[in-house]
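S.K.: The task is simple: from the sequences and hints, build the whole structure.
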Amino acid sequence: MKNFISTSEWSKEELQDILDYSKDLKDNKFQETLKNKSIALLFFNPSMRTRTSFEIGIQELGGYAVVLHPGKDAWPIEFKLNSVMDSESEEHIIEVAGVLSEYCDLIAIRAFPKFINLDEDLSDNVINSFSKYASVPVVNMETITHPCQELAHILTLQEQLGDLSGKDYLLTWTYHPKPLNTAVANSSIMIASKFGMNVKLLCPSDDYILHSNYTSQAESNCKANGTSFTVTHDIEEGYSGANVVYAKSWGSLNYYGNPEPEKLIRDQYKHFIVDENKISMTDNAIFSHCLPLRRNIKATDAVMDAKYCVAVQEAGNRMHVQKSLLTTLLKDK
Amino acid sequence: MKNFISTSEWSKEELQDILDYSKDLKDNKFQETLKNKSIALLFFNPSMRTRTSFEIGIQELGGYAVVLHPGKDAWPIEFKLNSVMDSESEEHIIEVAGVLSEYCDLIAIRAFPKFINLDEDLSDNVINSFSKYASVPVVNMETITHPCQELAHILTLQEQLGDLSGKDYLLTWTYHPKPLNTAVANSSIMIASKFGMNVKLLCPSDDYILHSNYTSQAESNCKANGTSFTVTHDIEEGYSGANVVYAKSWGSLNYYGNPEPEKLIRDQYKHFIVDENKISMTDNAIFSHCLPLRRNIKATDAVMDAKYCVAVQEAGNRMHVQKSLLTTLLKDK
Amino acid sequence: MKNFISTSEWSKEELQDILDYSKDLKDNKFQETLKNKSIALLFFNPSMRTRTSFEIGIQELGGYAVVLHPGKDAWPIEFKLNSVMDSESEEHIIEVAGVLSEYCDLIAIRAFPKFINLDEDLSDNVINSFSKYASVPVVNMETITHPCQELAHILTLQEQLGDLSGKDYLLTWTYHPKPLNTAVANSSIMIASKFGMNVKLLCPSDDYILHSNYTSQAESNCKANGTSFTVTHDIEEGYSGANVVYAKSWGSLNYYGNPEPEKLIRDQYKHFIVDENKISMTDNAIFSHCLPLRRNIKATDAVMDAKYCVAVQEAGNRMHVQKSLLTTLLKDK
Numbered sequence: 001m002k003n004f005i006s007t008s009e010w011s012k013e014e015l016q017d018i019l020d021y022s023k024d025l026k027d028n029k030f031q032e033t034l035k036n037k038s039i040a041l042l043f044f045n046p047s048m049r050t051r052t053s054f055e056i057g058i059q060e061l062g063g064y065a066v067v068l069h070p071g072k073d074a075w076p077i078e079f080k081l082n083s084v085m086d087s088e089s090e091e092h093i094i095e096v097a098g099v100l101s102e103y104c105d106l107i108a109i110r111a112f113p114k115f116i117n118l119d120e121d122l123s124d125n126v127i128n129s130f131s132k133y134a135s136v137p138v139v140n141m142e143t144i145t146h147p148c149q150e151l152a153h154i155l156t157l158q159e160q161l162g163d164l165s166g167k168d169y170l171l172t173w174t175y176h177p178k179p180l181n182t183a184v185a186n187s188s189i190m191i192a193s194k195f196g197m198n199v200k201l202l203c204p205s206d207d208y209i210l211h212s213n214y215t216s217q218a219e220s221n222c223k224a225n226g227t228s229f230t231v232t233h234d235i236e237e238g239y240s241g242a243n244v245v246y247a248k249s250w251g252s253l254n255y256y257g258n259p260e261p262e263k264l265i266r267d268q269y270k271h272f273i274v275d276e277n278k279i280s281m282t283d284n285a286i287f288s289h290c291l292p293l294r295r296n297i298k299a300t301d302a303v304m305d306a307k308y309c310v311a312v313q314e315a316g317n318r319m320h321v322q323k324s325l326l327t328t329l330l331k332d333k
Numbered sequence: 001m002k003n004f005i006s007t008s009e010w011s012k013e014e015l016q017d018i019l020d021y022s023k024d025l026k027d028n029k030f031q032e033t034l035k036n037k038s039i040a041l042l043f044f045n046p047s048m049r050t051r052t053s054f055e056i057g058i059q060e061l062g063g064y065a066v067v068l069h070p071g072k073d074a075w076p077i078e079f080k081l082n083s084v085m086d087s088e089s090e091e092h093i094i095e096v097a098g099v100l101s102e103y104c105d106l107i108a109i110r111a112f113p114k115f116i117n118l119d120e121d122l123s124d125n126v127i128n129s130f131s132k133y134a135s136v137p138v139v140n141m142e143t144i145t146h147p148c149q150e151l152a153h154i155l156t157l158q159e160q161l162g163d164l165s166g167k168d169y170l171l172t173w174t175y176h177p178k179p180l181n182t183a184v185a186n187s188s189i190m191i192a193s194k195f196g197m198n199v200k201l202l203c204p205s206d207d208y209i210l211h212s213n214y215t216s217q218a219e220s221n222c223k224a225n226g227t228s229f230t231v232t233h234d235i236e237e238g239y240s241g242a243n244v245v246y247a248k249s250w251g252s253l254n255y256y257g258n259p260e261p262e263k264l265i266r267d268q269y270k271h272f273i274v275d276e277n278k279i280s281m282t283d284n285a286i287f288s289h290c291l292p293l294r295r296n297i298k299a300t301d302a303v304m305d306a307k308y309c310v311a312v313q314e315a316g317n318r319m320h321v322q323k324s325l326l327t328t329l330l331k332d333k
Numbered sequence: 001m002k003n004f005i006s007t008s009e010w011s012k013e014e015l016q017d018i019l020d021y022s023k024d025l026k027d028n029k030f031q032e033t034l035k036n037k038s039i040a041l042l043f044f045n046p047s048m049r050t051r052t053s054f055e056i057g058i059q060e061l062g063g064y065a066v067v068l069h070p071g072k073d074a075w076p077i078e079f080k081l082n083s084v085m086d087s088e089s090e091e092h093i094i095e096v097a098g099v100l101s102e103y104c105d106l107i108a109i110r111a112f113p114k115f116i117n118l119d120e121d122l123s124d125n126v127i128n129s130f131s132k133y134a135s136v137p138v139v140n141m142e143t144i145t146h147p148c149q150e151l152a153h154i155l156t157l158q159e160q161l162g163d164l165s166g167k168d169y170l171l172t173w174t175y176h177p178k179p180l181n182t183a184v185a186n187s188s189i190m191i192a193s194k195f196g197m198n199v200k201l202l203c204p205s206d207d208y209i210l211h212s213n214y215t216s217q218a219e220s221n222c223k224a225n226g227t228s229f230t231v232t233h234d235i236e237e238g239y240s241g242a243n244v245v246y247a248k249s250w251g252s253l254n255y256y257g258n259p260e261p262e263k264l265i266r267d268q269y270k271h272f273i274v275d276e277n278k279i280s281m282t283d284n285a286i287f288s289h290c291l292p293l294r295r296n297i298k299a300t301d302a303v304m305d306a307k308y309c310v311a312v313q314e315a316g317n318r319m320h321v322q323k324s325l326l327t328t329l330l331k332d333k
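Protein chains in written order, with our numbering: chain A, 1 to 333; chain B, 1 to 333; chain C, 1 to 333.
Fair warning: there could be bad hints in the mix.
[Claimed, not checked] Straight-line distance between alpha carbons at most 30 Å, and here's what the computed DSS-like set of lysine-lysine pairs gives: (1) A:80 / C:263; (2) C:29 / B:29; (3) A:26 / B:132; (4) C:178 / A:80; (5) C:29 / C:2; (6) B:35 / C:35; (7) C:178 / C:114; (8) C:114 / A:72; (9) C:35 / A:35; (10) A:307 / B:2; (11) C:2 / A:331; (12) B:307 / C:132; (13) B:80 / A:178; (14) A:132 / C:307; (15) C:331 / A:72; (16) C:114 / B:72; (17) B:270 / A:26; (18) C:270 / B:29; (19) A:29 / B:80; (20) B:331 / A:23; (21) B:26 / C:178; (22) B:178 / A:72; (23) B:72 / A:114; (24) B:114 / C:26.
These are calculated hints, taken from the structure and not from any lab test.
M.R.: Dropping the structure here:
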């Protein structure tokens with residue numbers, strides 16, 4: 001039994017198989033590969049694209065989806081082992097995962113980092129606990145990485161650019177009024193490096209470098225592929241020559257659980273917005289973003305409305321890659 | 001591609017076709033007209049009848065429904081063009097409509113007027129923005145009008161009265177402790193006039209006359225049909241001779257965004273409650289209401305429990321007309 | 001037409017038929033017994049197991065489920081007859097039940113006791129009002145009893161122990177930081193007694209004896225079966241010789257609507273936690289709980305993780321008994 005928690009546990013070839021089958025499913029949307037399969041979608045955080053694409057995609061393949069919001073329409077869950085549960089949580093992950101495994105063939109989970117305790121967030125405890133106590137496969141719908149977004153991102157880039165080997169990929173930090181989590185950013189550099197691109201990480205200062213858990217994977221992927229991994233704080237250096245620009249905002253890991261001073265620093269970097277001037281420095285790059293995106297904060301209207309912006313196409317691809325992924329995970333059951 | 005945002009954009013003949021097919025679907029509930037069609041139901045406001053009838057109706061025709069509550073389980077949406085999105089909204093309607101169009105074959109929207117800015121409410125900006133940026137048909141599940149309710153209303157009246165031409169139709173304002181929106185009231189006079197009835201609007205004072213956007217349509221429909229459109233503040237004059245009594249409460253448009261003085265005025269008119277005495281002034285009228293209805297505030301128990309009350313039948317017809325409507329909108333895709 | 005509001009309205013033989021068919025459905029999960037049947041699931045309270053097992057189970061039998069949360073995503077409902085509805089409720093149960101009966105073939109309801117007014121809670125007014133005004137069967141998803149849990153509980157005990165006649169059954173009160181409702185406890189003694197077991201109710205003091213509505217049913221069931229019904233406050237006496245230990249926490253009925261003094265009393269009884277020492281007093285009992293369960297408050301980790309703990313299996317059986325129940329209720333429609 002295989003989970004889909006991080007693409008780091010999957011080889012490039014295995015991921016390419018999922019992507020190739022996605023392309024088939026895009027042409028032949030309605031299949032019965034999930035017939036009589038039930039999938040629980042657990043959301044600890046809001047969702048539009050993820051929920052819609054999973055719910056519809058599962059039904060298009062003949063399966064059943066049930067959507068739960070623990071702590072809202074379902075009971076709050078305890079994740080600590082050996083806990084004396086005298087606080088808010090009404091049941092333990094051991095029972096939750098055990099019971100859902102009785103009802104469902106697969107459990108998908110969205111559980112964002114809480115930005116209070118870095119070690120806890122890095123442990124990715126919610127999804128790893130589900131994986132530990134469930135007897136069915138577990139799929140990541142965004143925790144401290146966002147591997148379904150990675151698949152959609154690469155599928156979109158392959159559709160646009162063909163073979164990605166040796167292409168120049170830029171992940172640029174952008175401003176956002178709130179300190180967002182690093183999931184998509186972590187995912188971006190891991191997957192771009194895995195698929196053979198030269199990866200640049202552009203961020204305003206050392207405060208905004210991603211955690212070494214993820215930069216080290218990107219570095220080692222690049223090393224294995226003979227490509228380069230670069231960090232820069234210089235906008236022109238970042239954009240120069242890029243074939244792909246991917247944007248994401250995130251809060252500084254150096255101010256975990258300490259949002260006020262972080263905000264003062266972050267507010268200096270509003271000029272990292274993706275605009276036409278910056279795109280003009282690239283090698284006719286395509287631009288994308290995982291969405292949701294605040295227009296004229298993260299990227300200008302002109303960039304979002306340009307032909308080279310493939311964010312909506314990428315979001316559309318979420319459904320196809322997820323259908324392929326679920327089929328892959330459940331086909332041998 | 002056709003939307004269903006207001007019945008004003010549809011001819012009486014086109015609407016009658018939808019109603020006729022509803023009658024077929026009432027006898028043959030289970031069809032495959034929506035097979036492999038996915039429909040997003042977006043609720044910015046609560047719903048019981050609308051959600052249940054859409055969700056079940058779509059499934060009875062072989063389709064898939066996904067229910068979203070933007071701002072609650074999905075991200076809050078920005079509707080202003082060229083906005084610098086530094087406030088609460090996390091994504092722009094351009095992306096939301098674009099992405100949902102990737103996943104779905106149709107988008108249905110409930111977005112009540114906010115009763116703060118009249119011009120903004122009159123612009124019906126939420127649904128019109130979806131219609132502008134989506135590449136799939138858009139259906140109104142109640143905004144500043146409620147056209148699905150109109151269809152159910154007319155189907156019910158035709159079932160009860162046959163041909164509606166020349167029948168006397170009364171829309172009466174009723175009391176409610178809160179200033180409700182005018183959607184169903186606007187819809188009531190537009191559709192009753194379109195289907196050839198003499199229309200009376202009974203309201204307590206000039207403060208409660210509906211907006212001229214809607215009264216002018218009702219007047220022009222009546223003129224085209226050779227029928228009459230009358231506004232009265234006199235209860236006996238309103239009820240006298242009516243074949244149909246439809247009731248609805250709404251807040252005064254003259255006190256938009258200014259609820260306290262409006263409430264003082266509204267509280268004088270509790271006697272507009274629909275009761276047996278008023279119904280006795282009619283020509284054996286049938287009575288209906290769109291529901292939800294506060295008993296003994298908007299109408300008495302005796303009226304609601306009477307045989308001439310067809311509100312539950314009308315609510316039941318919501319499902320049949322909507323199934324017909326969705327089939328109509330999607331059949332050529 | 002039959003409802004499933006309390007097992008007291010069903011004979012042991014009728015219930016056994018449902019259980020027997022559950023066993024068939026466990027081996028042959030996918031049937032069409034609910035094909036083209038629509039079922040409304042109304043939740044006035046949170047749910048994980050109940051919602052998931054109903055939603056998936058209905059789909060596995062070819063039916064459609066719609067989930068509503070009145071007062072949250074649907075309108076708040078008035079249950080008092082002849083009420084002047086000038087408060088929070090936007091519509092009356094008469095219309096809600098009438099309209100849902102237009103759309104659905106069955107209505108299932110979760111409406112916990114509110115712990116404010118004992119007589120109101122004992123009247124089970126929410127579900128009984130639905131049953132009175134709906135024209136379709138009504139199913140209890142937990143009100144002041146939890147009959148679906150009863151079915152799953154007995155199925156699990158029969159799977160573990162075979163014929164239950166003459167077995168020794170203990171329901172033990174356990175501590176919980178909040179005053180929970182008595183639904184599962186009431187259900188436990190009613191169903192254990194009906195299926196021929198000697199029933200002991202162990203609770204810390206007379207303050208925690210269940211309401212005579214339910215103890216009297218248990219007593220009369222035991223009398224009819226020639227078994228014993230005992231209440232004890234002595235832990236050793238309670239556990240001694242038990243073949244089954246079922247645990248549940250509940251607030252004292254003597255302090256209804258008066259939580260502060262009740263908490264002071266309840267807080268003295270944390271030692272009622274189910275632990276290995278207590279289980280060792282039994283006759284190799286199996287242990288179960290309806291879940292959710294706070295570990296190390298209601299039962300220790302060691303008990304929950306032991307082989308004799310069948311709580312997850314019982315939760316899994318929820319789906320099978322409910323599929324059987326719904327099929328039974330709808331098969332003659």
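S.K.: Would the hint linking residue 35 of chain C and residue 35 of chain A be met if the CA-CA limit is 30 Å?
M.R.: The hint holds at about 16 Å.
S.K.: Is it true that the CA of residue 114 of chain B sits at most 30 Å from the CA of residue 26 of chain C?
M.R.: Given pair residue 114 of chain B, residue 26 of chain C is violated - Cα atoms ~50 Å apart, limit 30 Å.
S.K.: Would you check the hint for residue 270 of chain C and residue 29 of chain B, treating anything up to 30 Å between C-alpha atoms as holding?
M.R.: Distance of about 56 Å is beyond 30 Å: violated.
S.K.: Within a Cα-Cα threshold of 30 Å, do residue 331 of chain C and residue 72 of chain A meet the stated pairing?
M.R.: violated (34 Å)
S.K.: Is the hinted pair residue 307 of chain A and residue 2 of chain B satisfied, with a Cα-Cα distance of at most 30 Å?
M.R.: holds (26 Å)
S.K.: Would you mind confirming whether the straight-line C-alpha gap from residue 114 of chain C to residue 72 of chain A stays at or under 30 Å?
M.R.: Given pair residue 114 of chain C, residue 72 of chain A holds - Cα atoms ~18 Å apart, limit 30 Å.
S.K.: Are the Cα positions of residue 132 of chain A and residue 307 of chain C separated by 30 Å at most?
M.R.: With Cα atoms ~18 Å apart, residue 132 of chain A and residue 307 of chain C stay inside 30 Å; holds.
S.K.: Are the Cα atoms of residue 178 of chain C and residue 114 of chain C separated by 30 Å or less?
M.R.: Holds: residue 178 of chain C and residue 114 of chain C sit about 13 Å apart, inside 30 Å.
S.K.: Within a Cα-Cα threshold of 30 Å, do residue 26 of chain A and residue 132 of chain B meet the stated pairing?
M.R.: OK: residue 26 of chain A and residue 132 of chain B at ~26 Å, within 30 Å.
S.K.: When you check the alpha-carbon spacing of residue 80 of chain A and residue 263 of chain C, does it fall within 30 Å?
M.R.: This hinted pair holds, its Cα atoms lying about 26 Å apart.
S.K.: Holds or violated: residue 270 of chain B with residue 26 of chain A, Cα cutoff 30 Å?
M.R.: With Cα atoms ~59 Å apart, residue 270 of chain B and residue 26 of chain A exceed 30 Å; violated.
S.K.: Would the hint linking residue 331 of chain B and residue 23 of chain A be met if the CA-CA limit is 30 Å?
M.R.: Status holds; Cα separation ~27 Å.
The structure fails to meet hints 11, 15, 17, 18, 19, 21, 24 from the earlier list, while all remaining hints are met.
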